[in-house]
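There are 2 protein chains.
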Amino acid sequence: MNKKNDAITARDVDFAKWYTDVCLKAELMDYSSVKGFIIYRPYGYAIWENIQKYLDERFKKTGHQNVYMPLLIPESLLKKEADHVEGFAPECAVVTKGGYENLEENLLIRPTSETLFCEHYAKIVKSYRDLPKKYNQWCSVVRWEKTTRPFLRGSEFLWQEGHTIHATEQEAIEETLNMLNEYKEMAKNLLAIPMVTGKKTEKEKFAGAIDTYTMESLMQDGKVLQSGTSHYFGQGFAKAFDMKYLDKENQLKYVYQTSWGLSTRLIGATIMVHSDDNGLILPPRVAPIQVIIIPIKPENEDVMNYANLIKKSLEEKNIRVDIDTTLKTPGFKFSEAEMRGIPLRIEIGPKDIANNQCVVAKRNDYQKITIEINDELSTKIESLLDDIHNEMYEKALTNLNNHIHEATTQEELKDKLEQGGFVKVSWCGDVDCENKIKEETGATTRCLCENESGNCIYCNKKTETKVYLAKAY
Amino acid sequence: MNKKNDAITARDVDFAKWYTDVCLKAELMDYSSVKGFIIYRPYGYAIWENIQKYLDERFKKTGHQNVYMPLLIPESLLKKEADHVEGFAPECAVVTKGGYENLEENLLIRPTSETLFCEHYAKIVKSYRDLPKKYNQWCSVVRWEKTTRPFLRGSEFLWQEGHTIHATEQEAIEETLNMLNEYKEMAKNLLAIPMVTGKKTEKEKFAGAIDTYTMESLMQDGKVLQSGTSHYFGQGFAKAFDMKYLDKENQLKYVYQTSWGLSTRLIGATIMVHSDDNGLILPPRVAPIQVIIIPIKPENEDVMNYANLIKKSLEEKNIRVDIDTTLKTPGFKFSEAEMRGIPLRIEIGPKDIANNQCVVAKRNDYQKITIEINDELSTKIESLLDDIHNEMYEKALTNLNNHIHEATTQEELKDKLEQGGFVKVSWCGDVDCENKIKEETGATTRCLCENESGNCIYCNKKTETKVYLAKAY
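These protein sequences, in sequence, are chains A and B.
When we follow this note's numbering, the leftmost residue of the first sequence carries the number 1, and every step to the right adds one.
When we follow this note's numbering, the leftmost residue of the second sequence carries the number 1, and every step to the right adds one.
Treat the hints as calculated values from the structure; they're not laboratory data.
The reader is advised that the hints may include incorrect statements.
[As the list claims (entries may be wrong)] Below, a list of computed lysine to any residue pairs in the SDA-like style, where the Cα atoms sit at most 20 Å apart: (1) K134(B) with I289(A); (2) K462(B) with A407(B); (3) K61(A) with P288(B); (4) K239(B) with S33(A); (5) K123(B) with K239(B); (6) K253(A) with R129(A); (7) K311(A) with K424(B); (8) K4(B) with E347(B); (9) K424(B) with K471(B); (10) K351(B) with N300(B); (11) K205(A) with A89(A); (12) K53(B) with E452(A); (13) K199(B) with E169(B); (14) K60(B) with E452(A); (15) K134(B) with G234(B); (16) K35(B) with N106(A); (17) K146(A) with E104(B); (18) K60(A) with K146(B); (19) K244(A) with D30(B); (20) K223(A) with R149(A); (21) K466(B) with C456(B); (22) K203(A) with N189(A); (23) K328(B) with R129(A); (24) K188(B) with E57(B); (25) K199(A) with K17(A); (26) K134(B) with T168(B); (27) K123(B) with K244(A); (28) K25(B) with A122(A); (29) K146(B) with Y100(A); (30) K25(B) with T326(B); (31) K53(B) with A89(A); (32) K205(A) with A82(A); (33) K317(A) with E57(B); (34) K438(A) with E411(A); (35) K248(A) with C456(B); (36) K223(A) with A472(A); (37) K25(A) with V125(B); (38) K134(B) with D324(A); (39) K123(B) with E27(A).
The shape of chain A in the complex, shown without the other chains (with noise of 0.2 Å):
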């Protein structure tokens, strides 16, 4: 690749301000006016929703419906668990007035809706035949955050919140897992992204949950991303919302609880994973428009009529396509494509006519294609498109598996944290160490992996627990 792009910073220059010249300049987001809330522009919403769009029929076909809860909770209503309100309560914005009027209650604007679930489901399920209950909402949320970025960190952000309620300890954990590996795989088939995926330490676990399992990323400077989370509760929010049912043998019992969530955070996670110093790099399957045809003297008649009847072929066969008939230049043009990241270009003009061909310019590796224009050309763009995501996935896995490092020792695991990724090591499974290890290398543990006998990287005690440690966003 050469660097063409002098509109943005180079990653080896400074790979934050990298990140946010490609969100800015390939009109993904803007800023507002209010610290930590984005804009989504057209084209980063068109990615939302492309997720959204996968997502949502994986969550029906299994069995899931999607719901509507309020946008504010009670004080008191967040109160109820414990654990849940020490994590949020410190995140919350808080509305105090309600049309001039001083409220009697503070209301807060959710901040996730496990409160609201519990106490709707605790008012409509009685018996065994009403579960399970398996819900989903799409909403935006609001963290209070002091240090945000474009997607990654906000103080708002969109995302789904699966929330399903069980007859039994099994099935909610069977829950948890599956929808830990919808994630994953969609990850994989849309994104183009590997992910690594694992159970929480007890520091790191959601408030109020049993366990969490999440998926971690890996970013092309090296850090990690948290990049989705499934929750196990057991019985906790069920016995402080008083969620019980009468099971088969007429006895009262509480009911088993899961939630899950994914956000807009993935549209970073795809930035930072995929794209280089000209620009975005967008996975065909999430790319808003997946082809774009530059005429070559748009003006030439002859040259509109074939970009068109190409354009046709395509949307015959679901092609996400557009044809860019502005009054730029052509090279104008095809940086312009490049910095929005669109996979396929496609150059037509005169001389393309006359051989009966165009070439089709590849996004990720910039390789150049000419390809005769007949009834196959379709079939060869989407098999292109395909080539594509896949190449795209195994640079991404390739450079995980370059990353994920072991360490025994902690000079060594400072020195592998300095090449970027994961870093195995054994621990005790003490906070105190794991508190240590964060302040004395920035790195966090991201999630356990297998259990295999070690010794503690920081306090030497003997050890079945191995965690994944990295520098993470």
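Start from chain A and add chain B according to the hints.
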């Protein structure tokens, strides 16, 4: 129709109670612990998803793009347009604290997002080449209300808000009228609801608009419901927010602007236009379940095989179909299907199978039809669903036409208002007369109709203006 369902109050006993009975018993919604904030349950939310899907497709086909703007608006931003803040400030929920700290400036939960769109447009639009911008947003908004009713009036509701800017007045006015027409077509084609459309009076128009166009529907109790509005703003907001662009002659010009919104209130309209004393009656195209198959003796293997066969053949036609396999009696299942407003119910038992037939019951008119089970079954069901849609629309249209009255004296006006529906009267255009009419009759101006000579119904002044009056929700 025989009233068979004691769980629902009859319409002529208490229409308001009937309405909330249907909302609750058909499990469309539930109350939350915050007044005016409802829970959209799966069945109710699925209706909204079908409305969304229809409209979103139309919006995209007509060149609109989806975006997402922040939930919170700085108080100072709302104040930039004088009429707008006067209209909305009294209804706002106010965030005064974020993460335990008092905010420097109060933030308002969006009651509508004109100001946010204006701020963004002012920033991104430079030249005539950037115009038009046609954005839409799906979200929830908060307007603090004293009296609330499910779907009809709530402190939070779901909606879409379109916001567009244009280079010329003509283009903006066309957009305003086109979108009103899109709404009207959707109401007709999806919800089987006929609408009365027209321009609002000065008093009733949107805060900050030059013209507001509305569509109004007639409920079964004779009251009228504002069901969607489209606003033409001229350059009012453009001047307040400095939304300028360079035209082809390199002159700085202000843009012309529109906005248009439609909300979950339409669910309320659908209920109140079509349903009866046995529960909900849903128009087929918006119904989450279009056909319910009720096996008589589901323990009979043949019966279940046939039920599954029918289900499969309907699914191949993309008909939304379900089998009720619960252990309730057929009679109970019938009234449950009626309560939920499922357009068609298929009854199939051993006797039917012996005769190679099934019984199909239409929800809208309780007609029962015996249909042979063969290759044409699914085509017949498909056309029955279309029949139901048309019958429901025609019935609603006849009712509407029977309730468009005229009056030339105040006596006559009161008499006609008693009969329910719209009353067309001459009106001088003076807001004092408008206020007096409301005071004395309880009716408000719904929209202007054709220009025709007459004398103002209140002050007797000569006028060319006629207006629709009605008692409204």
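TODO: Mind checking the alpha carbons of K25(B) and A122(A) for me, to see if they're no more than 20 Å apart?
DONE: 17 Å, holds
- [ ] For the pair we were handed, K123(B) and E27(A), check the Cα-Cα distance against 20 Å.
- [x] Since the Cα atoms of K123(B) and E27(A) sit roughly 13 Å apart, the hinted pair holds (cutoff 20 Å).
- [ ] For the pair supplied as a hint, K134(B) and G234(B), confirm whether the alpha-carbon distance does not exceed 20 Å.
- [x] 15 Å, holds
TODO: Decide if the proposed pair is consistent with the structure: K438(A) and E411(A), CA atoms, cutoff 20 Å inclusive.
DONE: 14 Å, holds
TODO: For the pair we were handed, K223(A) and R149(A), check the Cα-Cα distance against 20 Å.
DONE: 15 Å, holds
TODO: Quickly compare the C-alpha distance for K248(A) and C456(B) to 20 Å and report which way the hint goes.
DONE: Violated: K248(A) and C456(B) sit about 71 Å apart, past 20 Å.
- [ ] Take the C-alpha atoms of K146(A) and E104(B), compute the straight-line distance between them, and say whether it is at most 20 Å.
- [x] 15 Å, holds
TODO: Would you mind confirming whether the straight-line C-alpha gap from K134(B) to T168(B) stays at or under 20 Å?
DONE: The given pair, whose Cα atoms are some 14 Å apart, holds under the 20 Å limit.
Task: Holds or violated: K61(A) to P288(B), with C-alpha atoms at most 20 Å apart - done: 15 Å, holds
TODO: Take the C-alpha atoms of K60(A) and K146(B), compute the straight-line distance between them, and say whether it is at most 20 Å.
DONE: Violated, because 37 Å separates the two Cα atoms, which is more than 20 Å.
TODO: Given the hint that K199(A) pairs with K17(A), test it: the Cα-Cα distance must not exceed 20 Å.
DONE: 32 Å, violated
Task: 20 Å Cα cutoff - pair K317(A), E57(B) - done: Within the cut-off at roughly 19 Å; holds.
In summary, the structure is inconsistent with hints 7, 12, 14, 18, 22, 25, 27, 31 and 35 from the numbered list given earlier, while agreeing with the others.
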